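In this note's numbering, the protein residues as written are 1 to 110.
Since the hints were derived computationally from the structure, they do not count as laboratory data. No experiment lies behind these values; they were computed from the predicted model shown. Heads up, the beta-carbon is just placed ideally off N, CA and C, and yes, glycines get one too. A couple of the hints might just be wrong.
What the hints assert, rightly or not - What follows is a set of in silico ranges between Cβ atoms, one per label pair, in the way DEER data are often shown:
| hint | residue 1 | residue 2 | range |
| --- | --- | --- | --- |
| 1 | A32 | D4 | 22 to 30 Å |
| 2 | S74 | G29 | 34 to 42 Å |
| 3 | V23 | S2 | 34 to 42 Å |
| 4 | T17 | V62 | 38 to 46 Å |
| 5 | Q31 | S74 | 24 to 32 Å |
| 6 | V1 | G63 | 42 to 50 Å |
| 7 | F67 | A30 | 18 to 26 Å |
Stated by the list, open to error - Listed next, the in silico DSS-like pairs over lysine-lysine satisfying Cα-Cα at most 30 Å (straight line):
| hint | residue 1 | residue 2 |
| --- | --- | --- |
| 8 | K79 | K3 |
| 9 | K79 | K6 |
| 10 | K106 | K79 |
| 11 | K6 | K106 |
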Amino acid sequence: VSKDLKLLFTTSQANITINPSSVNIPSNGAQAFTYTVTDLNGNPMSAGSEFSVSVATGLEAVGDVGFNLGDFTSTGAGKTEFGFTVSDTDDDSNNEVGTSITISVKSAST
């Protein structure tokens, strides 16, 4: 009796890239972003890894911004490729303001 089994060894450290990497969101405007997260070998992170995206006050992020990753052995949409949109929700100011977006990944294997 034999059985083939696909097993993936992942690192606990993540490579995170975002596109676009620099942008100005106009007053009451929005900007779509895509991001890729892999382990150091280009594989999906381990199952159960926690992903979160945070933005400054006055902005809102919607999309792939808070979730635990499923169990995947291949790359692609929902596995290593994700997206979200940031919108300006500050009705009191019409000014463009510099800010940052934080993408955090906590590996389930740490």
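Do the hints match the structure? See the list:
1. A32 - D4: 22 to 30 Å: At 40 Å between Cβs, range violated.
2. S74 - G29: 34 to 42 Å: At 35 Å between Cβs, range holds.
3. V23 - S2: 34 to 42 Å: violated, 53 Å
4. T17 - V62: 38 to 46 Å: violated, 20 Å
5. Q31 - S74: 24 to 32 Å: holds, 29 Å
6. V1 - G63: 42 to 50 Å: holds, 45 Å
7. F67 - A30: 18 to 26 Å: Between F67 and A30, where Cβ atoms are some 21 Å apart, the hint holds.
8. K79 - K3: The given pair, whose Cα atoms are some 25 Å apart, holds under the 30 Å limit.
9. K79 - K6: Holds, at about 16 Å.
10. K106 - K79: Distance ~15 Å between K106 and K79 Cα, so the pair holds.
11. K6 - K106: Holds, at roughly 24 Å.
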